[in-house]
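What follows is each chain in one-letter form.
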Amino acid sequence: MSEPVLAVHELHRKFGDHVAIEKLSFQIQRGEVLGLLGANGAGKTTAMGSILGMIKPTSGSIRVFGMDPYHDRIKVLRRLNSSSAYSDLPANLLVWQNLYVFAKIYRVQNSKQKIADLLEMFEIAHLRNRVTGHLSAGENTRLHLCKALINDPELLLLDEPTASLDPEIADKVRKIVRRVQREKNIGILYTSHNMLDIEEVCDRVLFMHRGRVVADGTTQEIIAKFDQKNMEDVFIRIVRDGNIEDAPAKETAAV
Amino acid sequence: MSLHVVYAFLLRYLFLYTRNWIRIIELIFWPLMELLVWGSLTVFLNGKAGGQVPQFVTYLIGGVIFWDILFRAQQGVAISFLEDVWTKNLNNIFVAPVRPLEYLTAGILFGILRTTVAVSVLIVLAAMNFNFNVFTMKWALVPYFGSLLLFGWTLGMLSSALILRFGQAAEALAWAIPFLIQPAACVFYPLNSLPEWGQMIGRCLPCTYIFEGMRATLDHQPFNWGQLGMSLALNLVWMAAAAGIYAWVLESGRRRGLLTRVTSH
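For the record, the sequence lines run as chains L and X. Residue numbers 1 to 255, in this note's numbering, belong to the letters of the first sequence in order. Residue numbers 1001 to 1265, in this note's numbering, belong to the letters of the second sequence in order.
What the hints contain is simulated information worked out from the structure, not anything from laboratory work. Hints may contain errors.
Claimed, not checked - Straight-line Cα separation of at most 20 Å, SDA-like style, residue types lysine to any residue; simulated pairs:
{"hint": "1", "chain 1": "L", "residue 1": "LYS104", "chain 2": "X", "residue 2": "MET1001"}
{"hint": "2", "chain 1": "L", "residue 1": "LYS14", "chain 2": "X", "residue 2": "PRO1100"}
{"hint": "3", "chain 1": "L", "residue 1": "LYS75", "chain 2": "X", "residue 2": "LEU1250"}
{"hint": "4", "chain 1": "L", "residue 1": "LYS104", "chain 2": "X", "residue 2": "LEU1011"}
{"hint": "5", "chain 1": "L", "residue 1": "LYS104", "chain 2": "X", "residue 2": "TYR1017"}
{"hint": "6", "chain 1": "X", "residue 1": "LYS1088", "chain 2": "L", "residue 2": "TRP96"}
{"hint": "7", "chain 1": "L", "residue 1": "LYS75", "chain 2": "X", "residue 2": "ILE1245"}
{"hint": "8", "chain 1": "L", "residue 1": "LYS104", "chain 2": "X", "residue 2": "SER1002"}
{"hint": "9", "chain 1": "L", "residue 1": "LYS56", "chain 2": "X", "residue 2": "ARG1256"}
{"hint": "10", "chain 1": "L", "residue 1": "LYS104", "chain 2": "X", "residue 2": "ASP1084"}
{"hint": "11", "chain 1": "L", "residue 1": "LYS23", "chain 2": "X", "residue 2": "ARG1256"}
{"hint": "12", "chain 1": "X", "residue 1": "LYS1088", "chain 2": "L", "residue 2": "GLU139"}
{"hint": "13", "chain 1": "X", "residue 1": "LYS1088", "chain 2": "L", "residue 2": "TYR86"}
{"hint": "14", "chain 1": "L", "residue 1": "LYS56", "chain 2": "X", "residue 2": "PRO1100"}
{"hint": "15", "chain 1": "L", "residue 1": "LYS75", "chain 2": "L", "residue 2": "TYR86"}
{"hint": "16", "chain 1": "L", "residue 1": "LYS56", "chain 2": "X", "residue 2": "TYR1017"}
Chain L on its own, in the form it takes in the complex:
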């Protein structure tokens, strides 16, 4: 097996007395989509922030393309990209202007053609000259995904990309993400509260609860393990039942 694009080992992060992440370990191979699931406060955002070099781990290690994202920040960030439902692009710039600025930051060759291709792929080419602040939520999400793919990343971190989208647009986004991942063989770390996202897009899922991994496997394996009908029921059971984390956690602790 080739070197993973992302390898997290025994990651631990404390904020004062609060343990945000406890012994989180997993790997993502090139071309694999790993879903990171959990309720608010489960530790997903802290894990994402640590991988992106924005949060220093208390202990443990993170290797992105074999490098430490905290110390080799620039080298790592040139080869990955991310999109979060909780950040925006400057609302007063035009769509193409926002993408052009990021294309220059990432030193994209033939940036105008690249922007045109991405806008076409996400079916928003007609919005090229639209003010970003005037886009709908669905259009805005697709613009963020264009930005996230502008540098042909080898690893993509998507933080709730379908949050606040209507089902039709969310479906479109899922299909595009899956298609791009297959065509370009990108490793993707995907967080979402939308179980349909997870079932459709992810090859494997890590379920986090209160900073710990309580389940790891394919969606079918997890559904079977918790003896539920679907991922939504698993989610509810894990979040509501405080005791469930201990037993499965030992059995299912990730790689």
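Keeping the supplied structure of chain L fixed, place chain X upon it in accordance with the hints.
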């Protein structure tokens, strides 16, 4: 440092300003108002004194122009940073291959452009309306302007560090910091007008020596190299301290996990 990244941010500022005429108006509106108020006041006082205090006019108008250089330089760095906080774009920047130095350099370069526009307008209007010719100071303008720019960027870095550390709650400080130092900086009056403790504070500010030097130059006194040297030395100290604080806040933000909070809210 990557020039590509600096260019990308300069391009973004250019897009922002060329898309919004209100920003361009804002660039010259406040300094213009200040010039009109102070200029008119000094003309009035000069008239009352029967033309016996002509230097008074030049001190005040010169002070307005010089102060605007410092203020615009500070704003160039601080407001560029705030723009990204306001638009929730800071997260995208922190997770892009951008070094803090590249980001700051772009803010500084764009600040120079903003300052040039605003100060050029002031210089022309001061000459036309109040018969004030800043170029009577000749080559002395170069080190004076340079020193004020340096201190403005330093204050801009400190403002950005405060916002990075305390979040948007510290936004008001980004606007207030120049005005907090203004009384001790002796923009419109000589250092010995201040009480003793105020003079001590004033002597610690690089810009105080420039405002003192400006008044001396306008009085046709010989150029005071000692004052300029003191100003530049203090600038180096202040700038090193500000860069250290900025880097510390950034590192501490990563260590304590504060960056994600500032960038996402």
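The hints, checked one at a time:
1. L:LYS104 with X:MET1001: Holds: LYS104 (chain L) and MET1001 (chain X) sit about 14 Å apart, inside 20 Å.
2. L:LYS14 with X:PRO1100: Cα-Cα ~26 Å, so violated.
3. L:LYS75 with X:LEU1250: This hinted pair holds, its Cα atoms lying about 19 Å apart.
4. L:LYS104 with X:LEU1011: Holds - the C-alpha atoms of LEU1011 (chain X) and LYS104 (chain L) are around 9 Å apart, at most 20 Å.
5. L:LYS104 with X:TYR1017: OK: LYS104 (chain L) and TYR1017 (chain X) at ~19 Å, within 20 Å.
6. X:LYS1088 with L:TRP96: holds (18 Å)
7. L:LYS75 with X:ILE1245: violated (25 Å)
8. L:LYS104 with X:SER1002: holds (11 Å)
9. L:LYS56 with X:ARG1256: holds (7 Å)
10. L:LYS104 with X:ASP1084: This hinted pair holds, its Cα atoms lying about 17 Å apart.
11. L:LYS23 with X:ARG1256: holds (18 Å)
12. X:LYS1088 with L:GLU139: Judged against 20 Å, a Cα distance of about 17 Å means the pair holds.
13. X:LYS1088 with L:TYR86: Holds. LYS1088 (chain X) to TYR86 (chain L) sits at ~8 Å (cutoff 20 Å).
14. L:LYS56 with X:PRO1100: Distance ~17 Å between LYS56 (chain L) and PRO1100 (chain X) Cα, so the pair holds.
15. L:LYS75 with L:TYR86: violated (25 Å)
16. L:LYS56 with X:TYR1017: violated (36 Å)
Hint violations for this structure: numbers 2, 7, 15, 16, all remaining hints satisfied.
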